[in-house]
Amino acid sequence: MNINTTKIISLLFFIFSAFYLYTAYQIQVFAFDENAPFNARTFPIYLGYAGLFFSGLKLVLPEPYTIKVDHKNLEYKKTAILIIIAIIYGATILKVGYFLTTSLFLFSSYYFLGERRWILMFLLSFPFVAAFMYLLHGILDIYLRDPFLQSIGVMG
Amino acid sequence: MIEGILIGLTTALTLQNILMVMVGCFFGTIIGMLPGLGPMTAIALMIPITYGFDPATGLILMAGVYYGAVFGGSTSSILLNAPGVPGTVATSFDGYPMAQQGKAGKALAIAAWSSFAGGTLSAIYLLFMAPSLSKVSLSFRSPDYFALMILGLTAIAAFSSKGQFLKAMMMVVLGLMLASVGQDSLSDITRFTFDNMNLTDGISFVLVVMATFAMSEALTIILKRNDPTSAAKQVSLTELGSIKINKEERTKMYKTIPRSSIIGFLIGVLPGAGATIASFLAYGMERNVVNDEEKEKFGKGSVNGLSAPETANNAACSGSFVPMLTLGIPGSGTTAVMLGALLGFGVQPGPRLYMTNPEIFWSIIMSMYIGMVILLILNLPLIPYIARILAVPKNYLIPLILFFSVTGIYVMSFNNFDIYLMIGIAVVATFLRLYDFPMPPLILAFVLGGLMEENLRRSLLLSNGSWEFLWDRTLTLCILLTTILIVVWHFYKSIIRK
Chain A
1252 MNINTTKIIS LLFFIFSAFY LYTAYQIQVF AFDENAPFNA RTFPIYLGYA GLFFSGLKLV
1312 LPEPYTIKVD HKNLEYKKTA ILIIIAIIYG ATILKVGYFL TTSLFLFSSY YFLGERRWIL
1372 MFLLSFPFVA AFMYLLHGIL DIYLRDPFLQ SIGVMG
Chain B
31 MIEGILIGLT TALTLQNILM VMVGCFFGTI IGMLPGLGPM TAIALMIPIT YGFDPATGLI
91 LMAGVYYGAV FGGSTSSILL NAPGVPGTVA TSFDGYPMAQ QGKAGKALAI AAWSSFAGGT
151 LSAIYLLFMA PSLSKVSLSF RSPDYFALMI LGLTAIAAFS SKGQFLKAMM MVVLGLMLAS
211 VGQDSLSDIT RFTFDNMNLT DGISFVLVVM ATFAMSEALT IILKRNDPTS AAKQVSLTEL
271 GSIKINKEER TKMYKTIPRS SIIGFLIGVL PGAGATIASF LAYGMERNVV NDEEKEKFGK
331 GSVNGLSAPE TANNAACSGS FVPMLTLGIP GSGTTAVMLG ALLGFGVQPG PRLYMTNPEI
391 FWSIIMSMYI GMVILLILNL PLIPYIARIL AVPKNYLIPL ILFFSVTGIY VMSFNNFDIY
451 LMIGIAVVAT FLRLYDFPMP PLILAFVLGG LMEENLRRSL LLSNGSWEFL WDRTLTLCIL
511 LTTILIVVWH FYKSIIRK
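Which chain is which? The protein sequence lines are A and B, in order. The numbering used here applies: residue 1252 is where the first sequence begins, and numbers increase by one. The numbering used here applies: residue 31 is where the second sequence begins, and numbers increase by one.
For the record, the hints were derived by calculation from the structure and aren't laboratory data. Misleading hints may appear alongside valid ones.
[To be verified] Simulated crosslink set (BS3-like; lysine-lysine; CA at most 25 Å straight-line):
hint, chain 1, residue 1, chain 2, residue 2
1, A, K1258, A, K1319
2, A, K1319, B, K523
3, A, K1329, B, K327
4, A, K1328, B, K274
5, B, K424, A, K1323
6, A, K1323, A, K1258
7, A, K1258, B, K523
8, B, K277, B, K330
9, B, K274, B, K330
10, A, K1319, A, K1329
11, B, K285, B, K330
12, B, K274, B, K325
13, B, K274, B, K285
14, B, K327, B, K274
15, B, K325, B, K285
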């Protein structure tokens, strides 16, 4: 049997809604609220049923338009690399600091996306981030945590 | 009203706010021109910057970005046949053929003038209608609001492109589910946090917007980089032609603009409809009202065919501010983002905004006029130069979008967890988008989730747990009947199509 991806997504959503509904029933409410017309679990329970209803309908009803995705033409590798770089960026931004991690993130992203114009890559990473930091931190007074710049005495 | 206009003018005409409109229009145009990046993404990217301003200034900046992005979207529609936003799809029907005939400059000028006229006319409609709508909306009670939110969410799902109603409804439910994470607003009981302290305050609106639009858009562009069917094609632009509009073309526009602006504004006012529906309807209506000779030109570079959707989509932008400012119900995904930003500023849009924060209410309306003028002044002479931005290599564009997304979350929470969560949601959203699951319903539902629960809570408590509140009041019943009508009409159209 050939099942299309939209149906699989609908099935996953159905399972997710069932899990959501189960969790909604587990929400602890105050004893005096237990039989109230509306408590903290009422709305989530309705949502859980709504999720089951719509995803169930999507599963059961025939698909009016089949969406064909040509996986051969999709750049999974580069997308995955970019996501991994973004995760590393997220993991280091607080410990290392905004300036260095952001600049390295931009530089490495340009590189992995196939860019090799080194000067342009540099200009659009380190000086660009410095200018952006100045705009946020210096002009708009938005605090940016940066242990690295603090350790070398650039930032107070 | 005169007093309100003066308050608005005083606020909007400060040097800082004029500068914000200019900056907003300029950056909005540039971001909107980039295929795939629409006003919602542009505004989402601006949210962290608006943190440093007062609410009126922040909103004026976002309104400028909004108009700029809609115009920018038209530019990529005309030059590349790659609409930056769904609202400018209809623009490409006649704009792109004009550009192919070597009249790209003229097409852009017609788009700019039509946008200007559409936006200005609808700002006038807004000026007169918003206060009266605000007064009418004061009679709204919790059941009416709840019904209105159901209407808004159903409408945005029903107006999604063909065959997507159930997918859009699933996205609505997902958006509401995401909004339910965190503490319950009344009892402070935590829900769906799985003992994770980072989720106690719920998921941030900026995080969801950045993840589902900016970040997932960037990932989608990379993913579809080698896809030959992808609309994001780079073409060389060597000949833009003249930007002058002759007398005959002007005459055609004089007739098209007023009727398209009315359609655009009225559609924009409806919660959930927005610029896309407005531009398609205006295009369709224009085709029906012109003479046979002109009708033949539609799809081949018709002035009316280009002017009508351009006027309507900008008019719809102003129209969509009406339900946002007066009812607290966004008329489109973009105004849903702005509503979230307003809530972030601590301003509660709704019937009382007009009275409690008149400077915000009126300054936004007044800044629309100013924005339209500035958009025209900025864009007409810059058309040949602005077009060059389309040549920005994706190798630079994508990392910069990711950088802005992460920065937006970083400055907001200083929390690694939020960044991981954003990446996770972005990956899921990218996958969902690949299979045509629309994101605007998710955002609209996420924004309305808290308000919807609040109004349902009040309604159920007042009616002692009975669902009779849905038909007790005429207004509630009318709104619900409209919702049912929309769903029935949608299914009827689907059956007819088959």
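Going down the list of hints, with the structure as the test:
This hinted pair checks out: A/K1258 and A/K1319 have alpha carbons roughly 13 Å apart, not beyond 25 Å. A threshold of 25 Å between alpha carbons decides the hint, and for A/K1319 with B/K523 the separation of about 24 Å falls inside it, so the pair holds. Between the alpha carbons of A/K1329 and B/K327 the distance comes to roughly 44 Å, so the proposed pair goes past 25 Å and is violated. Restraint check: the Cα-Cα separation between A/K1328 and B/K274 comes to about 47 Å, which exceeds 25 Å; the hinted pair is violated.
Taking the CA atoms of B/K424 and A/K1323, the gap is near 20 Å; set against the 25 Å cutoff, the hint holds. With a CA separation close to 21 Å, the supplied pair A/K1323 and A/K1258 stays within the 25 Å bound. At most 25 Å may separate the alpha-carbon atoms for a hinted pair to count; A/K1258 and B/K523 meet this at roughly 23 Å. Annotation: proposed proximity of B/K277 to B/K330 holds, straight-line Cα distance about 20 Å (limit 25 Å).
At roughly 19 Å between alpha-carbon atoms, B/K274 and B/K330 fall within 25 Å of each other, so this suggested pair holds. Pair hint A/K1319 plus A/K1329 holds up; C-alpha atoms about 21 Å apart against a cutoff of 25 Å. Distance hint between B/K285 and B/K330 is fulfilled; the C-alpha atoms sit about 20 Å from each other, no more than 25 Å. Distance restraint check for B/K274 and B/K325: the Cα-Cα separation of roughly 23 Å lies within the 25 Å cut-off, and the hinted pair is therefore satisfied.
With a CA separation close to 19 Å, the supplied pair B/K274 and B/K285 stays within the 25 Å bound. Restraint check: the Cα-Cα separation between B/K327 and B/K274 comes to about 20 Å, which is no more than 25 Å; the hinted pair holds. Distance hint between B/K325 and B/K285 is fulfilled; the C-alpha atoms sit about 15 Å from each other, no more than 25 Å.
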